[in-house]
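The chain contents come next:
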Amino acid sequence: MSAPVVAPAGLSADDVMTVAASRQLADGATCFVGIGLPSLAANLARRTHAPNLVLVYESGTIGAKPTVPPLSIGDGELAETADAVVSVPEIFAYWLQAGRIDVGFLGAAQIDRFGNINTTVIGPYDAPTVRLPGAGGAPEIASNSREVIVVLRQSTRTFVDKLDFITSVGHLDGHAARRRLGLRGRGPTVVITDLGVLRPEPETNELVLTAVHPGVDPAIAVAGTGWPLRVADDLQVSSPPTDDELRVLRQLQRGRS
Amino acid sequence: MSAPVVAPAGLSADDVMTVAASRQLADGATCFVGIGLPSLAANLARRTHAPNLVLVYESGTIGAKPTVPPLSIGDGELAETADAVVSVPEIFAYWLQAGRIDVGFLGAAQIDRFGNINTTVIGPYDAPTVRLPGAGGAPEIASNSREVIVVLRQSTRTFVDKLDFITSVGHLDGHAARRRLGLRGRGPTVVITDLGVLRPEPETNELVLTAVHPGVDPAIAVAGTGWPLRVADDLQVSSPPTDDELRVLRQLQRGRS
Amino acid sequence: MAELRSLADAVAGLVHDGDTVALEGFTHLIPHAAGHEIIRQRRTGLTLVRMTPDVVYDQLIGMGVADKLVFSWGGNPGVGSLHRFRDAVEHRWPRPLAIEEHSHAGMATRYAAAASGLPFGVLRGYVGTDLSAHTDTVVPITCPFTGEQLTAVKALDLDVAVIHAQQVDRAGNVAMWGITGVQKEAVLAAKRSLVTVEERVDRLDARAAVVLPSWVVSAVAVVPRGSHPSYAMGYTDRDNAFYQAWDSISRDRDTFLDWMDRHVLQTGDFAEHLRLLDVESRAAA
Amino acid sequence: MAELRSLADAVAGLVHDGDTVALEGFTHLIPHAAGHEIIRQRRTGLTLVRMTPDVVYDQLIGMGVADKLVFSWGGNPGVGSLHRFRDAVEHRWPRPLAIEEHSHAGMATRYAAAASGLPFGVLRGYVGTDLSAHTDTVVPITCPFTGEQLTAVKALDLDVAVIHAQQVDRAGNVAMWGITGVQKEAVLAAKRSLVTVEERVDRLDARAAVVLPSWVVSAVAVVPRGSHPSYAMGYTDRDNAFYQAWDSISRDRDTFLDWMDRHVLQTGDFAEHLRLLDVESRAAA
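Chains as they are written, first to last, in this note's numbering: chain A, 282 to 538; chain B, 282 to 538; chain C, 62 to 346; chain D, 62 to 346.
It is possible that part of the hints are untrue.
Partial pick of chain C residues on the chain B-facing surface, computed with a CB cut under 7 Å [to be verified]:
(1) A176
(2) S177
(3) G178
(4) N234
(5) L249
(6) V272
(7) P274
In short, the hints are calculated from the structure, not lab data.
Heads up, the beta-carbon is just placed ideally off N, CA and C, and yes, glycines get one too.
Bound conformation, chain A alone (with noise of 0.2 Å):
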């Protein structure tokens, strides 16, 4: 597919974060959905390319197929749609622990080069500048699903050099450093942001901007990274939103406000 310089005219970057996200789940995995944007592009892709997609909420909801995507992950859309509700230290033990979820989908507030995530607080853990909500379902979604998918917005408030606090772990230092802790998943395997899309070097887990989004200067989200990004060779072009996505994007916001 070659893909078009220029996004379509009213499409947000944030929209192209979601509809790039989405594509990155695959139909008939099972994937457990973290609050916030992650559940705006799961829903999008239950709703195209994955309708087979199962949806995961820690509020206990298995297979959950809202038609109006959730504000929080405990609404009532989720229970009624839903093929089973568990309770919530059910769905951490025999669900997710077990090792049963393909695909853990993650928010962030910060990420570091190895794809480790904080979501507890800016500046001093004692004395913080910004206290965030904290960890949620977050450390165990990354330690323990097969593969882990980060989305979020790239800046250097959001892309650090060094984390505050390690709320939850993507490849710590790299370097396999995930097997050495005993750690069971694969950890990020791609962060889709509002700039492009990184995954881990194979070798050191270090995180390298392999795709733009269309009329994206690489430059830009260099500057946008607190470490100095690398820039695959190969760098590719997102292909940008089809119309059908937009369509159901727009439906799915609408839906939500």
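Position chains B, C and D relative to chain A; hints supplied.
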């Protein structure tokens, strides 16, 4: 209450045992009901003096109110009449182990002078003469209920000097052994047989014959015991089944056959 | 046996200054009415526990009810920050708030251990994160069969659990359905428990996925719409507009205090609180 | 995704000689039809697992299908002994049967640990009994917080779990209600799973207390009355007379073998088996 020395006509020793056992259950108590004899006695109690007795079965039925005493501990009647039905892992963890059960009500194949119970094998474990059903829920009913009531027929076959296998712990070798082992319940507080009633002596925890049923010579109980059974100085005679107890017992027995 | 009481009586009898209290609920069935009553009765020094502290915890914290918060995710779901929670942690207002934080999986395991009468639970979690460095309730444990290293978390024993449910029957049994979260575990982890319900019924709904027998509940209070702005499936819908409005109500200390004074302290009970909200929303329409 | 198959195909595809297999059910919903099909297909060398092995396990053991039994209570509920089980343990007939036995609480904890992806579980149990001396799957463990001594049991991982349920929907989701025992845990503890159901429906019953999503079930076979002589709440009643009759059928080796030959080996499937039983019971009446 003065008691006649002969049982009413048509009354079997088992009937007297069942009635005597039922009287041990206080109204409003929570009772974890073992398979077999205890279930009939527990249902008799609930239909006579203890209408608010909460019957808990290891099948996960809490507050079952069967009109017909169940043939098995998993009869449909139990689920249909229960306040709540939970999974088997939950009934043992959240309900029994957590210490929510006032009375564990058990049968046994063999019992020793300290109220320890065997329901596993007669003879050597690796080459048993008789292979019994095994532990079931009894070991943790015996260790985790606040107190334990045992009901079984008394003979030198069942009241033995030394168990072939300790399936469920009573008072072990007595003298507060339970506390030393960290067991939380008080253990067997009474043993009801077809001949009479035995209770552990406070200091040694050895079972002592404290009552005989109407018409039973205590010498028969002593002869039916595989260790030198001690008889209480103030040996009582249990009061015979009342007309009401007998009427309900017959209803229950008819319902079951 | 669950005693049927007024909410005010039940809070007065069950929740004491300094208690460790969880008002649980996972988006659904959050016991807002009970939270308000705790504020109205001016409890202090509470250790508040909750997996997902949200608006009602923001209110409790902002009113100075709590000395400590044990939690795993504190936010206004789908909206943003909890401003009163942040103000307490970032600026110690209205008083310092000690925090002990976990992951959801860790909190769920801790509740389940307590409900099971065990002193600890085991999970695959926390490894590699900075979370365990800030609490003594998370330590490594080795599997005695495989030698594998796992994580042990301390059981989360409570003085009081407070939840909202759909129904209570005449015998005092409580029924919930829909997303039931960790509420059963919270009740079974607590010495005392208080349940507010939408309705008292002759027969519990057949959909009831969780039934708490009367004898594990200390008190039940019938409080229709008692989870507002959360919801009770089959009875009420989530008031998303309120959650959004909370963002601006709570952002400023004085606005917050004024709102709490008029809507909670000056109202006699939750029904009056709801009437006031209804009047305001009609006036705004 | 659960594949809809005939029971014969499903057993052929999922249950292999030498597998560790649990046919679970707690009085209710016992998968008799699947047990018969395993016998018909002459599986050998199985390690059979079950908390409450009863008549169908007596049949499997008596037909020489199993090398080992992992269990906590083996009997004919409300009737008495399992004669084939006893004959195997007491007289090694038709072949030696190794046993590993536990308490119910221990087995339930082992299943739950396996379902949770943990290598072990923790409980208050076994202390002071002779049970732990006869297995290496029960050891003491110390609480890292309180120093209290508790008991660890090894996770019970299965090759195959076999259960009977009330319903499957068009998407392959499975529903159970009534006494659901440890069946969810068994399915989640297994590499492969086979569910027989009473009925395929458009929409699962609202009472369904346990729903297994299609993607954790390997195969579903529709086998009405497939739990006979056990029962399926809402569909069939327990055939207590059969349990009582089994006592005399199974007491003698030749009577047992003859009965199994005529009622299982010589019948093509469970429907034919049930027709034969119906004919016999009409003739006896």
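Consistency of the hints with the structure:
1. A176: holds (5 Å)
2. S177: holds (4 Å)
3. G178: Since the shortest Cβ distance to chain B is 4 Å, the answer is holds.
4. N234: With a minimum Cβ separation of about 5 Å from chain B (threshold 7 Å), the hint on N234/C holds.
5. L249: Cβ of L249/C sits 5 Å from chain B, so the hint holds.
6. V272: holds (4 Å)
7. P274: The hint holds - P274/C has a Cβ within 7 Å of chain B, the shortest such distance being about 5 Å.
Every hint, counting from the list given before, is met by this structure.
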